[in-house]
Amino acid sequence: MIMEDLRSLPAGPLIVAEGGLITPAMARPENQAVWLFPSRDVQVARLRVRHRGEVPWSYLQAMEPTIEQLAETGIATIAVDHLSVEEAIAEIERVFAPRIGKGPTATTVEERRSLIRQANQALVNQYASPSSRPLTTVDPDSVIRTFDCECALPECTALVELTISDAAAASAAPPPSILAIEH
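Read in order, the letters of the sequence shown correspond to residues 2 to 184 in my numbering.
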């Protein structure tokens with residue numbers, strides 16, 4: 002389903018896909034991918050915080066095949082142990098600079114807003130579609146997720162926490178309808 006979702010997106014502007022379900026085999030051509038990895042020690046520490054002291058070892062085991070697959074490819078990797086979010090973004094931009102330079106990129110507020118709206122709508126659809134989570138019942142009034150601010154200003158990194166129901170209602174209105182409080 003991930004590959005079908007990616008193929009359904011427009012050819013431009015450039016698209017960034019992220020997530021644990023994307024494998025090195027999906028990343029073609031290889032020069033258009035980068036994997037961010039913490040060391041095992043840092044990953045264990047982060048998992049302990051995120052899961053209140055209990056480390057889901059399956060998460061760690063799932064990383065090992067990916068690391069092995071990456072070693073067999075030309076895909077770039079970035080160690081993120083001591084990087085701030087801004088430093089990690091700078092590293093990603095460095096890796097992708099040649100590709101980004103060729104474009105196409107979203108250059109206007111309207112183009113950026115359209116992309117942000119598509120991403121926010123995709124997140125709503127993941128929870129609203131019965132086929133996306135067939136074994137799980139989701140209460141859209143109680144599930145809270147993080148959405149991107151639709152102001153689309155280049156310097157804005159604000160996130161907005163909404164229930165799926167509220168996000169669905171907001172995304173039914175013309176953008177920008179999901180905005181950070183400070184906007």
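For the record, the hints were derived by calculation from the structure and aren't laboratory data. Among the hints, erroneous ones may be present.
Pairwise CB distance ranges (calculated) [claimed, not checked]:
(1) 86 - 5: 29 to 35 Å
(2) 45 - 184: 23 to 29 Å
(3) 144 - 43: 25 to 31 Å
(4) 27 - 108: 26 to 32 Å
Beta carbons are placed, not taken as given, at the ideal position from N, Cα and C, and that holds for glycine.
If you check each hint against the structure, which ones fail?
2
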